[in-house]
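2 protein chains.
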Amino acid sequence: MKFRRSGRLIDMTNYFIQNPQRLIPLTYFADKYNSAKSSISEDMAIIKQTFEQQGIGTLVTLPGAAGGVKFMPKMSNEEASQLVEELCGMIEKPERLLPGGYLYLTDILGDPRVVNKIGRLYASLFANRKIDVVMTVATKGIPVAYAVAQYLDVPVVVVRRDSKVTEGSTVSINYVSGSSKRIQTMLLAKRSLAVGSNVLIIDDFMKAGGTVNGMISLLEEFDATVAGIGVLVESEDIEERLVDEYISLVQLKDVNIKEKHISVQEGNYLKYI
Amino acid sequence: MKFRRSGRLIDMTNYFIQNPQRLIPLTYFADKYNSAKSSISEDMAIIKQTFEQQGIGTLVTLPGAAGGVKFMPKMSNEEASQLVEELCGMIEKPERLLPGGYLYLTDILGDPRVVNKIGRLYASLFANRKIDVVMTVATKGIPVAYAVAQYLDVPVVVVRRDSKVTEGSTVSINYVSGSSKRIQTMLLAKRSLAVGSNVLIIDDFMKAGGTVNGMISLLEEFDATVAGIGVLVESEDIEERLVDEYISLVQLKDVNIKEKHISVQEGNYLKYI
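Protein sequences, first through last, are from chains A and B.
Just so we're aligned, residue 1 is where the first sequence starts under the UniProt record's numbering, counting upward by one.
Just so we're aligned, residue 1 is where the second sequence starts under the UniProt record's numbering, counting upward by one.
What the hints contain is simulated information worked out from the structure, not anything from laboratory work.
Any given hint might turn out to be false.
Since the list gives no way to pick out one identical chain from another, each pair is judged satisfied if it fits inside one copy or across any two copies.
Claimed, not checked - List time: in silico DSBU-like cross-link candidates among lysine-lysine, alpha-carbon distance up to 30 Å:
no., residue 1, residue 2
1, Lys190, Lys260
2, Lys74, Lys207
3, Lys37, Lys207
4, Lys74, Lys271
I would like the entire structure built from these sequences, with the hints used as guidance.
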């Protein structure tokens, strides 16, 4: 089948969007469309230009026999600010307040549209780091972790708080929860993480950072390196944060249970843009 | 800014792929590209043709003032068979066998590429049903549920086996696990599911169907309707299956723990294509 330029542009755009970060040899497209490499190169230049103009991302070309072209998704600063503003607006609704000062985030984390955008933003923020795998802890962080991993084209590993027979042998650690000071356990299937991996930690909520700190300890058992930490919401200023470098999108400023009032501000992500 | 056709086709393709199932008024594109509606209609015809030819999906146009255009993702039968074959090949590897005859699927479910394809296939299979929300049970089913929900453009609700303070008030039921005959509990945050919803149940593995059956009982508490059931892997023939109508992608045929041998075949999904 012979393709016209318009058909090629549409099909290539779909392919790039569905396969972020993957190196695709020019011959793949030339063969698929039965077209000359020079035409494919021209198509690529048009796509790259549009992607950049529209804040979708960019195409990176690697020369040579093992080369090809790679789509790097990106969220523009404008779209990022808009998303964070939207998140702030959703999170400060007083009906989210649960007994004990906890926040109900289930509906936000249950919306694939929102979760996907968060994923794209984090993938943009961490684009220049070497990341082999995204790690999170069950259950709430899972959707965001997958969304980030999808845009980075890496797998996800999920840390659990209880052992399951379908995981096989596990490595477990004890850690101290930062806020309640209780000793807790977390574990990871032995075969789910390769020794020496570069790991991006993603979680939905961080108080003092005990859980994230637990994940860092767990990574040490696998001789793995922390490539970055992303938390969707961080709580209001904590005297002693157990984690140093992390990127948050939203920060709670003030949670008043008595008056049912939540105030929020944007997280520290702007420093990393 | 004025757009040329090539730029419009690329940007529109990206928009459709990122926003499946969403009705977009023609004026949205006409305004964005500062172009006549007639040009946008021509663009749309080209995109529709390419999407259909390439098995990406189709564009559906709804006429009238409240009308617009909607991208319906679809997986071609050829791509579906290829995916299921690939899944079968991965699942029958003997190193997946865990003590007790359980299967290690964590790596497959940890790969966003594979999970996304599974999501697109299920979204194709359930495309003609009225679905308001996708439901799954923590933890393994979550990534597949999100992938399906993303292509259907609906939210996800996650049933848990333990109560969490961040969920608010919950509705819980007891159910009998089909294979072990033990009584277990599952619960769902009260505010996470609207009364009367049409619910697609997605899970990673089904033995006798006790867990899925539990979810169905839980749905009754919300006066909700089961719109469909999808399970990635179903176990070998069970004498008494607790669930009638479900779509599986892979079926275990024979699991021999002693000889470390797994044989699989494709699930019943072909009947629904």
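Check: Can you list which hints this structure breaks, lowest number first?
Finding: When the structure is compared with the hints, only number 3 turns out to be violated.
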